[in-house]
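Each protein sequence line maps, in turn, to chains A and B.
Quick note on numbering: our numbering labels position 130 of the first sequence as 130, and the sequence is numbered without any gaps.
Quick note on numbering: our numbering labels position 324 of the second sequence as 324, and the sequence is numbered without any gaps.
Please note that the accuracy of each hint is not assured.
[Stated by the list, open to error] No farther apart than 20 angstroms at their CA atoms in a straight line, the calculated lysine to aspartate or glutamate pairs in the EDC-like style are these:
| hint | chain 1 | residue 1 | chain 2 | residue 2 |
| --- | --- | --- | --- | --- |
| 1 | B | K321 | B | D193 |
| 2 | A | K40 | B | E301 |
| 3 | A | K42 | B | E134 |
[Unchecked claim] What follows is a list of derived Cβ distance ranges for each label pair:
| hint | chain 1 | residue 1 | chain 2 | residue 2 | range |
| --- | --- | --- | --- | --- | --- |
| 4 | A | M1 | B | T475 | 37 to 47 angstroms |
| 5 | A | G208 | B | V700 | 40 to 50 angstroms |
| 6 | A | G155 | B | N231 | 56 to 66 angstroms |
| 7 | B | E409 | A | E249 | 43 to 53 angstroms |
| 8 | A | D65 | B | L72 | 50 to 60 angstroms |
| 9 | B | V700 | A | D241 | 35 to 45 angstroms |
| 10 | A | A45 | B | E138 | 21 to 31 angstroms |
| 11 | A | P24 | B | E141 | 55 to 65 angstroms |
| 12 | B | V700 | A | V86 | 17 to 27 angstroms |
| 13 | B | G45 | A | M1 | 38 to 48 angstroms |
| 14 | A | E66 | B | L72 | 53 to 63 angstroms |
| 15 | B | R521 | A | E14 | 49 to 59 angstroms |
| 16 | A | E14 | B | L72 | 24 to 34 angstroms |
| 17 | A | G155 | B | V700 | 52 to 62 angstroms |
Hints are computed from structural coordinates only; laboratory data are not their basis.
All residues carry an ideal CB built from backbone N, CA and C; glycine is no exception.
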Amino acid sequence: MNAFDLIQPDTLEEALSLLNTDDPLVRPLAGGTALMLMMKSKLYAPERLVSLQRLKPSLDKVKVDEAGRLHLGPLATLRELELSPVVAQFSPVIPKALRTLSNVRVRNVATLGGHLAHGDPHMDLPPILLALDAQVRVSSEAGHRDIPLSEFLTGYYSTALAPGELITEVVVPPLPQGTRGTYVKFTALSADDWPMAGVAAFVRLEDGQISDARVAVSAATERPVRLHEVESFLRGQRPTDEVLHHAGELAGTQIHPLADIRGSSGYKREIVKVCVRRSLQQIAQTDHNGDGGVTQ
Amino acid sequence: MSKVMEPGVQSAAPSGQVGRPVKRLESAAKVTGRAEYIHNLELPGMLRAKVVRSTVAHARIRGIDTSAAKALPGVYDVITAEDILKVIPDPYYGPAFHDQPILAIDKVRHVGEPVAVVLATDVHVADQATDLVEVEYEELEPVFHEVEAYKSQTAIVHDVIRPAGTFADLKSLQPRNKTNVAMEYHLRNGDVDAAFAKADYVFEHTFRSQQVNHLPLEPTVTVAQLTDTGNLLIHTSSQSPSFVRIEVARLLGWPENKVRVRTAYLGGGFGAKLYIKLEALVAALALITQRPVRLSLTMEEQFYTITRHAATVTIRTGVTKDGRIVARDCKTWWNGGAYADIGPRVTQKSGFTAAGPYDIEAVSLDSYAVYTNLPPAGALRGFGIPQLVWAYESQADIIARELGMDPLEFRRKNILRNGRPHATGTILEDAGTVEVLEELARKMNWDQPFDRGSGTIRRGRGIAIGVKAAVSPTTSVAFVNLYSDGSCGVYCGTVDMGQGSDTAMAQIAADVLGLRAEDVRIIHPDTEVTPYDMATLGSRSTFHMGNAVRLAAEDAKQKIVAMCAEQTGFDPAALVVRDGGVATPDGSFFTFGAILAKRHGMQAGNVLGVGSYFPYYEKPNPETGMSEHITPYWMVGGTGVEVEVDMETGKVHITRLVTVGDCGKAINPGIVRRQLSGASFMQMGFTLFEEMVFDEGQVVNASMADYKIPGFWDLPDINEVSIVEVPHRNGPFGAKGIGETGSLGLSPAVANAIYDAIGVRIYETPLTPEKVLKALREKQGQGWEDA
Ligand SMILES: Cc1cc2nc3c(=O)[nH]c(=O)nc-3n(C[C@H](O)[C@H](O)[C@H](O)COP(=O)(O)OP(=O)(O)OC[C@H]3O[C@@H](n4cnc5c(N)ncnc54)[C@H](O)[C@@H]3O)c2cc1C
C-alpha cells in the first residue's frame, strides 16, 4: 500500500468541501474494510482520503419516525445495526442477516454507508434493503437528493453517487402489517464467505392469499435486482408447493448470473431458483407471530 | 500392547511426566501477546525489502530498468540478479535441486517469481517503487498441468536440471534433461502382469488433487544482519534453521561457523517455512548493503512462494472375486511448479506408499516430479500422502461396492499386518493398521443401521485409512544442561510453530531427570547455541528429537549420579533420581544444585548431557525402488465422517467427524488430540473448498478474502478424536509422530460418504457444491447450461 494523507474533518460541511475536488482519487473513508483491500492490492492508490470518523456522532443515528419510517445513519456500523433493538423491531431479517456477515471484527468497523457506496454486488444488506424499498439520501455542497436504492445501485461496483457526494441517510418506509420476510444466503466456500447468492423476500398473506410479494436477488448477479416478474406472478396466488416452485423457476429466467471462482453462471442460476423457492417456503411456513429468518 | 484412549479419560496417570496432559508452556505468553515472533523484530538502521515479481508465467527477461524506482525519494537501492551475482557467483538454491535463483536470471518461470528487490527504510516507499521497476519480457510457451508438462516437448521449464545431491535417499534418482520431469521414482515388486492376469476384476481410475496453500497466519519473514566480525546473523521464521545455515554457507562458500541462524515461535508453518525460503535473498541483501535487511511477505505473496502439489493419480487395481487385492499399478504426476523445492523427495517418499496400508502380492508404482510454470510446490502437512490416499481410498470404496462388499470388510480383508512386507519390501513393525481400522469401525458404529434420509437432505457415511512412512534418513542432536543451581535447560533445534513441541520435549527431559515439565526451559533454535536438527517436518520431531532429548537427559542424569556417587561413596546403581535431585539408600537427598556446589565449592558449574539420534535406513535399490529399511516408523491415520448432502444445491455438511491416529505413546494426550483434529480440519478445507485458482499462471484468488479457509462455522457438529497407542520399539517411550496423521484419510472419507448418501462419485477435489450437484444432475440426466 502506498503512503497517503488522511484528512479528518469535524463537520459534514467541511467533509463535503474537502470532497469537492478535482482529484478523482480522493474518496471518503468510513470503516475502511473495502477501501483497504483495494489499496493493499493497489487496485486503488489515492494520495488523500477524507475520513468520516469524526462525523460519526451526527451520522450514526438509528431511529423510527412518527410515520413509521426507519432512518439509518451511514456511519452506523454493521455491528450497531445488528444489535439495535430499533432495527430488530422494524425487521428482524436485518439483524439476522448481519449475524452471518463475515465476522464480528469486520462488522465492528464496516459502516452502512460504505456497505452501500462500494456497489459490490456480493453484499448482504442491499437485497434486503432493496426489497424494503429503501431510499438513499446523498448530499454534496450543491444540496441533496433522494434516490431509491434500486436506482442507486447501477451496476458491478458502480452506484449513482457523483464525485463529491456522500450518503447521509438511508430511509426505509414502514412495512405493511402482516408482512413477513426472510433472507436466504448461500455460500459456496467457507460458511463465513461472501454469499454466492443472496435472496431477500417479503410477503404479505391475506386470507391465505399473497397480497404483496417482494423478492430481490444479489451476489449471483451483476448488481442486486428486484424480480418484478416473480413478484407479480405471486400476487393473488395461494403459496402452494407448485406456485412456489414455479416462482423459483421463473426467477431463474429473470436473472443474468455472472461466473466467478464461486460458481459458474449455470450453477448460480440453479442456486437462485432454489433460494427463491426456499425463501418463499420459509415465509409460508412461519406462523403469524414468526419473523422469518435467515438460513444458510 | 496396544490400547485406545477414550477422549476425556486420562490414561493410567503416570508418576512421571510422560503421558501427562501438561498445559502448553507458552500459552500465557501467547495469549498476552508476549511470545516472541521474528515478525515483530526491528533492528536499528534496518532496511525493508519489497519484491518486484514476475507478471508472466514463462519468459526471457530482455531487460530490467530500475532507474525510475531508484529515483523515487526514500528508495535506498534496487537490487537485481546482477548485484546478487557479485556476492554469490552461483546463486541457485534449493533442498533437493539447486535450481532456484535468488533473483531471476535471464528467465522467469512463474508469475510471482522474484525479479528485483527495492530497499527503503519506509516499507511503503519500497512498495510504491516496485511499481516503477520496468521489466521487459519475451514470452515463452507456458505449461501448467502436470500431465501436459510431463508430455510436452516444446514448453520446457528448465533447460538444465540441477540435482543438489544433498539427500542420500535421492542420489540414485536421475533427472532427464530436455523434459519437465525433475525426478522420477519407480517401484517394482513382484510380477505385476501375472498378478493382474490372476485378478477377476481390474479397476482403473484417475483422481486429481488441486493446488492449495499452507497459509500460516504469520507469513514468512527473514531479517539478516552482519555481525561485528562480518559474519551473518539471520533471524528467520524457519522450520529448519540448521538447513538454512548449511545452505547459506554453501552459497557463500563460507564455513558454517560464520553463519548464525536463529528463530522464535512461528505463527504456523505446515511446511511453508521449510528448507530455505527468503533467507538466501535477505542474506545477500545484507551483504550488499552492509545494513540489516528485513523482508516479510504479505498474505498475498505466500501464494506465490510455496504451495501444495496438485497431483494426478492413475490407479489400476486387480482384485479377486472374494475381494483380495492382488495387483496394483499406480502412476502419479506431481505438479511441482517452477522450482523443485522438496518436490523430488515428496515424489519418492509418497510415491512408494501408493499401495496403501494393504497387503498386495505385486505392485508397480511410478511417481514423477514435474516442472510447470506455476508457483513452486513443496511439503504441506502430509508430504503428498493425502493426495495418494485420496486416490487409493476412493478406489477402495468403488471396488468394494462393485463387488457388493462392505467397504470396511474389504479393508479388513486386505489390511497390511505387522510382520508382513510392505510393497517396498520393508517389514511392517509396530504399526497400528489393524488397531486404527477397528477403532474407526467401532467409533462409527459401522455395524449399526444408518438412516440415509429420503427428502432433500440425504445422509451418508464413509471411512478411509492411510499410511505414511516417516522421512528418512534424518538426524537430531540435543543438549541437556543442568545449571549450577540444578535447574535445567534443553537445547534443541525443534521449532515450536504451534504444535506444542516445547512442552513435549520438556516432558521427556523432565521425565528422565525427575523434574516437572513446567520447570524445564526449552532454548529455542539458534545455530550458535542449539545443536543440529534436520528440520521440524514430516511428524519427525517427537520420534527423532524426542529420542535425542531423552538420550541427552539420560547422559546428564548419568553424570550427575556419578558425581553424587563419588561424593557419597554409594554405588551409582543404588542412587535414585527424583524431584530434581538424587536420593541415596541412607535416606539422604541431594538436589542437583547441592551436588554441583559440593563439586565446585560454591554455586558453579554445569552438567552437560548430549544426545544424538539417527535411525537406521537403507536407501531404495535403484532398479526395484525397494528397501528393507525404508522408514524408521509408519504413521497410520483413519477418518470417518457422516455427512448431509443437499440434493438441490450439492452442499455437503459434515455432521460428524471421527479422527483416529496411532501415536505409539501419547507423550501429551491433549496435544496429540489437538494435532489430530487440527490436521483433520485443515484437510477438510482442502477437501471441501480450498483451491488456488489460476488464470495463465496468475492466482486469481490470492487473498484471504477470496481464498477461504475453514472457520468455526465450518466445523462438524460432532468432532471426535481417538488416540490409538501401538508402541514403537525405537520411539521415545514408544512414541511416533502424529502431526500429519489426521490429514491422511479425510478427503476420501468425505467422498465415500457423499457416494453413500447420493450415489455420486467425485474424482477431483475440492468437493464443491457445484461439483456435487453437477455430478448428481448428470446422473439424473438433467445437466445445466451456462448462462
Ligand atoms: C474479510 C471481509 C469479508 C467480508 N464479507 C462480507 C460478506 O460476507 N457480506 C457482506 O455483505 N459484506 C462483506 N464484507 C464487506 C463489508 O460489508 C464491506 O467491506 C463494508 O460494508 C464496507 O464498509 P466500510 O465502512 O468499511 O467502507 P469503506 O471501505 O470505508 O468504504 C467503501 C466505499 O464506500 C465509500 N463510502 C464510505 N462511506 C461513504 C458514505 N457515507 N458516502 C459515500 N461513500 C462512502 C468509500 O469511499 C469507498 O468507496 C466483507 C469485508 C471483509 C473485509
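Which hint numbers does the structure go against, in order from smallest to largest?
-> 11, 12, 13 and 17
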